[in-house]
Structures are given as C-alpha cells and as structure tokens.
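Enquirer: Protein chains in written order, with my numbering: chain A, 15 to 163; chain B, 665 to 875; chain C, 44 to 434.
Treat the hints loosely; a few may be bogus.
[As the list claims (entries may be wrong)] Have a look at the derived ranges for each label pair, beta carbon to beta carbon:
1) C/SER278 with A/SER70: 35 to 41 Å
2) C/LEU173 with A/LYS92: 16 to 22 Å
3) B/VAL858 with C/LEU173: 44 to 50 Å
4) A/ASP131 with C/ILE139: 18 to 24 Å
It is worth saying that the hints were derived from the structure and are not from the lab. All values derive from a computational prediction rather than experimental measurement. Every residue, glycine too, gets a C-beta built ideally from N, C-alpha and C.
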Amino acid sequence: MIKLKAFLGYTAAVLSLFVVLATFIANDFWAKEFVNITSLKVSPIYTGGEVNKTISFKDYNIKIHKPVFQGLFSDRSKGFVEIDYAGKNIPTVISQSIDFDGDGKYDFYIKYDTKNDKSEFKSLNRNVVSLQGVYKITTGYAVRVNLKK
Amino acid sequence: MFKGFILGLSSGGYCLASCIPVFVPYILSEDKKTKWNFICLSKFMLGRLLGYILFALLAWITGNFIIKQSHYKEIIFALSYIFLSFTLIVYTFSKSHRFCNIKYFSKFSNYSNKEKGFTTVVLLGFLTGINVCPPFILAFSDAAFFTNILSSIFYFAAFFVGTAVYFIPIPFIGVLKGKQIKLIGQMCSLIIGVFYMYSGIMMLFKEMMLQ
Amino acid sequence: MNNLESKKIAETSTVKKFTKSVAACIPILLLSIVLLSGGSSLPKEPLMKISFSIGYVFINVIFFLMVYTKKTYKYRKIFFVIYALLFAVSFMTNLIEVRGSIFYNESTFINGGTPFCHMVIPMIIIPAALTKTIIFPGSLLTGFASIASMIVIWLGASIAFGRGWCSWACFYGGLDEGCSSLCKKPKLKINRKWTYLSFAILISIVLLSAATLAPVYCDWLCPFKAVTEAEQITSTIVLIKTIVFYALFLILVIILPILTGKRTQCGLFCPFGAFQSFSNKINIFEIRIDKNKCLNCKKCVRECPTYSIDENSLANGKALMTCTKCGKCIDTCPASAVSYHIKGTKIGVKTNLSRYLFLYPAYIFALTIGGGAMIKGVYRLLKLITTGSFF
C-alpha cells in the first residue's frame, strides 16, 4: 500500500512536468477546447450584446444591438442599448432618430459631433432614460443609451 | 395568493443575489451549527418580510406614488444601503472589539447577547428587504388591483414565501466552523459594509445632484 | 591521508558536482530555447537578439545556481524580482504601443482590449456558472492575454504546483518580495490573525462581483493598477479609486514589506492567493518537516514570508495551505529538516529527487510565463538606452 502510494505520488509528480509543457505548447488548442466545452462568452455588459439589426448606408452602417438587462439570475430593471456606427466614412456629425425595439416608433434622437465630442440627446420613449456615452471604438463609434424596464 | 407564490418562485433568484453578500458573512461570523443557522435564517426572513410589508403599505397608502416616483424610490434605497452598511460595521466591531482593541464598543452594546443577535439579524433582513427589486414591483402591480389592504398583504406574503425557497441551502454553510471561519466572516461583514456604505452615499449624492 | 590527496579528492568532487549540475541543466537549456522563442525562429533584429541572449543566459544561469548550490529561495527570488520589474516595463510599454496609453476607459472595454489578469478568476466563476458569460471586458480567444488562454495557463499551474503560482509564476509577487528583501531587521510585527483578511476579501469580492456583475477587486482594490493599467481620471470617483490603488500599492507592496520583511500583499491581502491556497489541497507537491531532524528552533516560522508555517503546523510537520513553495524555509533550516515533498512518499527520504521533480515543472513554468516578458522588458530598456525612446 505504501509502495503503491509512493509510486502514484512519483508518477503524478512526473506528469506535472507534462502538464506544464502541454499548458504552453498546446495553449491555443486548450483555449479553443475550453470555449467549445463551456460555451462561455464575454458578458454583453461589455460587448454590447448581440446585433439585432443593421442599417446600411453608402459609406457606413449602423448596427443596433439587442437591449442588455443582464442580471445574475434574471433581468435587471436598468440596462442599456448600444448602437454602433461603423465604416470608413462616418459623417462628422451623426444625427439620427433610432428605433431599437422594432415597433415602428422612434425611441430616441442622438446628435453627435465627432470633432468636438459634443452630443445632444432626446428621449422619445418612456423606457429610454438618458445617454450613457459615445465611445470611440476600432470600427467607429458606439453609442450607449440607458434604459429601464 | 397562488399567483403571488409562483411569481416569487420565478424571481427569487434575484432576491438571493442581493441578500447573499449580507447574510453569508453573518452566518460565517456567528460560527453556529446548521440547526441554529436555520433559526437565524428565519429571523432574517422575518426582517425581509417586514421590509416588504412596510414598503407595500407605504406604496398602497400613497396610491402607488412611492413606486412610480423613481426619485423617492432611489432615495429610500440609498438610505437603506447606508443603514445596512452601518449595521454591518457596528456588528463587526461589537463582535470583535477585543481583536480590534476597541474596548468602548462593549459599553454601547451592553445588553444581552440573545437580544443583540435577534435585533441585528432582523435589522439586516429588514434593510435588504427594503431594496425593492423588479419582481417585487411586478408583484405590487398585481397586488394594487386588490381593493382591500389585507388581500394585498396576503398576496405579498405568498410572493415572499416563493422567494424564500431559494434561501434554504444557505444555513448549510454552518458545516464550516471554527475560530478562523468566524474571524473571516467578521472581516467580510466589515468589507461588505464599507462597500454598501459607498454605494449608498453615491446613490444619495446622485439623486441629490439630479434634483 | 595527506593534504595533497584530500585536496585532489575535494577537486574531484567539485568537478563531479559541477558536471552533475550541468547535466541537470541540459533539459532547461534545450526547453528554454523552444519555449522562449515560441517555437518559431530566433529573432533577427539585433537589439532583440541581444535581449533574447541576455534573457536566455540569465534564466539558465539562475537554474544552474539553484541546482549547483542547492539553494532554491535565493536564486528564485532574484529571478522573481527581476521578472516582476521587467514585466511592468514590458506590459506598460506594450499597452502604449498597441492602445496609445496605459489608461483605459469605456472604449477599451467595448473594444475588448483589456488583457486578462489571473486575479479576476475567483470573481468570474459564479456569474459564469449562472449566466454563461464572463464578466471581464477582454477578448475570449484573440489578442494579448486572451481570457481562455490565461484560464488554461492558470489551470495548468494549479494542477502542477498549486499555490506555487505565487512564488513561481505571478507577475506581481516579485515586487513585494523584492521590497521584503530590503528589510534586514523587522521593525514591525503583524498579528497572524491578519492572514485571514485575504480569505475575507476573497469571499467579499466573490459575493459582490456576483451581485453586481462587475469585477469588484479590479474596480476598487487592486494595488497593481499602479504598475499595469489604470482608469483614465475623468471624475471624482475615479480619482478616489486611483488614490486607493496607489495607497494600497505603497502600503502593502513597498512600506509594509520593508518594515516587516514579509510579503504582506501576497500573504495578507491578495484574494487570488487565498483562492489558490485551495489548490494546494489537491496538488502533489508540499513542504514537509522531518520531525526526526527538526531542532524546533522555529526559524522556519520566523522566516516564512507569507506566514505559512506556525507552531501548530510545525508540530504536525507541515506548512499551512497558504504555502507558496518559495523554498525559504528549506534554505534557512539549520538541520535540513524541511524539504519539498511528494504526497504519498516517505518524509525525509529522497528529498533531492522530490526537489528536482518540483523544480523542473515550476521553473519551466516560470521561464515560459516570465521569460517572454523579461526579454521584452530588456528589449525596451535597451531601446531606451540606445535611442532615447521605448519604441
């Protein structure tokens, strides 16, 4: 019994070396496997959530994400919706009324001067609270608007 | 009433998430057996129920004013966070005045341990109960249809029982016992108390600025 | 036996010892080339070539000295401190090169440009289990320090050497270890009960992160924001947070280690360290004390930098679960009673073999995770010296 324990102990100790080598040499493989097995994604609080609708213009497009109300067990009462302006030639002044919930009625109006970083916001829906911010991202600009349920 | 119970069952997870940071450190620092922890839990839930009923009464009396006016709602939440944090911090020091060398705390908490234990846990439950969550608001919207207040209260009680189911596993934390666990629980209470104090002050500050 | 003969015997044994040590270093000599170059060809740029050579020589000399002198702690500490300093240089300069600044804001989060830090791991577990999402603004698979790759690295370390992460892999630990070494005579003694603070912080941040769906420790308590990246100060709240970060860094990483001679951040505050302590329960390696040899001088209790040996654990012949396997107790024990031990084997028997079996995976891990950062750090410093700029 003692000899068996010792044998197992030494075997595990030697295997730890291979664990270390596998961790680094096959890191990409294990990372992809980890994502496949767990199906984990980055929280929509950071990514802005799934894209619901894309409106294409000549030189740019507008991606309207699904509203995010993520909570631990169930949705929270406060959340946000993200609108991405992406493309090579985004207008210097973004001026748009947005319908994010697809009910045919505009929910808010946003005007943003990309040069002066000045924004105007008007809520057209009682569930739209305020403008959280306009953020410069790699593909263009992200507008986040605070919502409530 | 059955509808209230089902609503509580479907949304109790939310209540659990907001209550766990308060109740778990308390259980750890009490360092008691699982059976005693169930008694603690029932006191905590009593506090929560009182919080719910008080809010329901307030809302019913003011004709739903408190719930609809988000400004007043936010101020009540902010104040409850501040009182909650105060309770947690005082509880931590009253339990560990020797360790922290704050001798004069024993003069302030100079009543029997049993009474102190009852008050603290009910107060913690009450203050977390006041933090009204979306499921509660949904329940209230339903309850507002009742013509008499007694029916509303019964509806809320059923909703409350539905949410309480999720709390049943918590007392089993009592299997973790020892001086170290007790000390860790006390430190946790203090840290979480400071966090809630900050959250409450920031919320209050925000609402006052908005006004 | 005359003097000449005994001199000859001593010389022969030194040569034998040297040869044995060199032979023991061969696996590291070969593996380090592969692991440091990432399996690709060696760098062509002259400055990078020099940096690579410096890094390679340094890493292998350290290992040789560890093996030759049989002193683990002294040389591991040199490696660890230099690693931490060069990591800070390479990390911050990399951020400036890629992002334009060491400061982050909401744009950085939305872009998914935040490198994943191991400190976040305890906070993401409950939200990940319940919401299937990771509450961290990073990239899952792509970019520098992606979430999945760092989690795999952490898993590998936990299986291989448990809380040894804190003394062999952590990119921050060398900072407070370096400062603790500056203490020649402790001027302050901290009550051992404060070691439970790290566990209390762990539980608090896990519960609060689950309740708020945000990594609370990173938002409020991480002292290492001072040497990595920090939030752009655009409001009073962020200013308060920045003051908290720098104050914690100053107190826990610099001042207290200098006054106490202990790794106060790692031993008293770090919630990841507390979390990683649980992996010591399943890890095959541990520190054990041979009670037959032990003189009960309690030097190991006094010297342990993370308060991981106390009188009770000494009486039981083992270190506490918070042991980071740094090797200080082994090196300072006057009776050589303390050693690296493999669970299931006899205590005090074949200690050399156990030491080697621990040293290889631990050092290979350290050189892989740290070597790259060290080489890049040296490169940036050489660039600064030769051109006046890091870039």
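Enquirer: Please list, smallest to largest, the hint numbers that this structure does not respect.
Expert: The structure breaks only hint 3.
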